[in-house]
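With the sequences and hints as input, model every part of the structure.
If you read the sequences in order, they're chains W and U. Note that this note's numbering has the first sequence beginning at 1, numbered continuously upward. Note that this note's numbering has the second sequence beginning at 1, numbered continuously upward.
I should point out that these hints are in silico values taken from the structure, not numbers from a laboratory. Incorrect hints may have been included.
[As the list claims (entries may be wrong)] Taking lysine to aspartate or glutamate pairs in the DMTMM-like style, the calculated list, with each CA pair at most 25 Å apart, reads:
(1) Lys47/U to Glu17/W
(2) Lys101/U to Glu88/U
(3) Lys303/U to Asp30/W
(4) Lys47/U to Glu9/W
(5) Lys57/U to Asp53/W
(6) Lys47/U to Asp53/W
(7) Lys57/U to Asp70/W
(8) Lys57/U to Glu44/W
(9) Lys284/U to Asp55/W
(10) Lys101/U to Glu285/U
(11) Lys101/U to Glu62/U
(12) Lys305/U to Glu26/W
(13) Lys47/U to Glu23/W
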Amino acid sequence: MAQDERPLEGWDPGPIEGAALAEAVERAFDYRGDVTLVRRAGGELVGYLFNRDADAAPPFVQLFAASGGDPVTIPYADIRSIRFTGRDTAAGNSYAAWLRSREAAKAAGSARGA
Amino acid sequence: MSVPLSQMWTVATYVLKQRLRRNPRYPLVLMLEPLFRCNLACAGCGKIQYPGHILRKHLSVEQCLAAVEECGAPMVSIPGGEPLMYPEIGPLVAELVARRKYVYLCTNAILLKEKLEEGLFTPSKYLSFSVHMDGLREEHDEAVCREGVYDQAVEGIRAALRRGFRVTTNTTLFDGASAIRMQMFFDEMMDLGVEGMMLSPGYSYSKAPDQEHFLRRQKTHELFSKMLSNPKKRWKFNQSPLFLQFLMGKWDFECTPWGNPTYNMFGWQRPCYLLQEGYAATFKELMETTRWEGYGHRSGNEKCKDCMVHCGYEPTAVNTTFASWKGFKATVEATLTGRL
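In C-alpha cells:
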C-alpha cells in the first residue's frame, strides 16, 4: 500500500480501516481528481473529496458528487474503501509542454526566415 | 504610493478599531473565490487543477455576500479562477460597492473589454480592476503560457481607463526575473496610465505545473533591492511600502496567515490563500480552531519556509504601520517621498 512516490491515479487500496483508512483519506484530500468512495453499508459515491476532519467527533469527509448537488458529509466509520478513479488534474507537466511548443514555434519561425 | 486617501482612511480606522479592541487576529482583505474556472492555465498557478464538475460550479451571489458580512474585512479581493467568467460578477460587484467595500477584481483582462462594452460595471472609487501582468510582453506571455495575452491585457486596461475605472496591476515574480526588464515594465505600466502596481514573489504551489522557478528568500531580497532601491518618482505602487521594504530585506516580518482569509465553494480555507489544509464551515470556526502557530516563517513549517507572498506579509506590514512609531514613520516617509 506504500504509494509515496507512485501516482495515485488508479490506486485501489481495497477494504481499509483505522490508520490505513486515515492515510487513504489524507491522500484523497490531497488528490486533484475524483475518487470513488465505497460505503460499508453498500453503494458507491463518485466525487471530489475536498475536506476532511480526522479530529472531529466523529471524523468525517466531505465530497462534491460528480453527479452534482450540495456537498455530502460522510463519517469515516461509514467508509469501506476509497478508489482513486478520476484523472489527476494536477499530474503531468503543462509548463514543460508549453516550453517545448514555444521552442518548436521559434525554431519553425527561424527556419521560415532563413 | 498610490492608494487613494479615502481607502487609506478606511483601512487605517479599521485597523485602529481592531487594535483598540485588543483583537489579536483580524482580517484585512477577504479573498473571495467565486469559481475556479479560468481561461488560462498559467505555469505557476495551483488554483485551477480540479475535475470538470468542480470547475463548472460557482458560488451564488448570496453565498458571496454572506461570506463578506461574516468576515467583515474592509477590502474584498476577487481572484479565482477568472472572475470575469463568473456569470454573476456584475451583480456581485454592484452589491459589494453598495456595501462600501473596496473591491479588487483580479483579472487576466482577456474578457475585460468585452465585459465593459456590455456595461457590466460602473466606475466607482470602491472598484479597481487588478490586472494580472507578470512583466513585459515576452515575460508575461511566457508566465501565462499563451502568446498574445499581454496585448489583450493592455487593450483591456486601456478600455477600462477610457471609461474612468480604477486600474491597478498585479505582478508575480519568479526566479530568473530581470530587475532591468522589470523597471522597464514599471515604466510601461505608468505610461499606460494605471493607478498603481502590486508586486509579490510567487508561491511554490504543490499543484502548480512549474515547480522550478520560485524565488527563495535571499534571491527575493536581491531582486527587489535591485529593482526598487532607486525607484523613479513616477512609479506608483498600490500596496504597503513596508511590504516592499520587507521584500528588499529591510524588515524581518512574520506571516499573518489570517490577514487575507479565503472563501470559496469548499468553505473557509485553512490556513491561508496559498495552503489548503482543510476547510472550516464558518469564519468564526476558521479563526478559532486553526492552529495558527503551525504556520509562518519561524514556525519551522517547510511549506512556509521561503514564502514571502503578499497575502501573508502585507497584513503584517499594514499592522506594523499602526503598531509602532518606527513603522508609522517609515510608512509616512515612503509615502511622501516615494523612496523605499
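Checked hints:
no. : hint                 : in the structure
1   : Lys47/U to Glu17/W   : violated, 31 Å
2   : Lys101/U to Glu88/U  : holds, 17 Å
3   : Lys303/U to Asp30/W  : holds, 14 Å
4   : Lys47/U to Glu9/W    : holds, 20 Å
5   : Lys57/U to Asp53/W   : holds, 23 Å
6   : Lys47/U to Asp53/W   : holds, 22 Å
7   : Lys57/U to Asp70/W   : holds, 11 Å
8   : Lys57/U to Glu44/W   : holds, 22 Å
9   : Lys284/U to Asp55/W  : holds, 18 Å
10  : Lys101/U to Glu285/U : holds, 23 Å
11  : Lys101/U to Glu62/U  : holds, 16 Å
12  : Lys305/U to Glu26/W  : holds, 22 Å
13  : Lys47/U to Glu23/W   : holds, 24 Å
The earlier numbered hint that this structure contradicts is number 1, and it is the only one.
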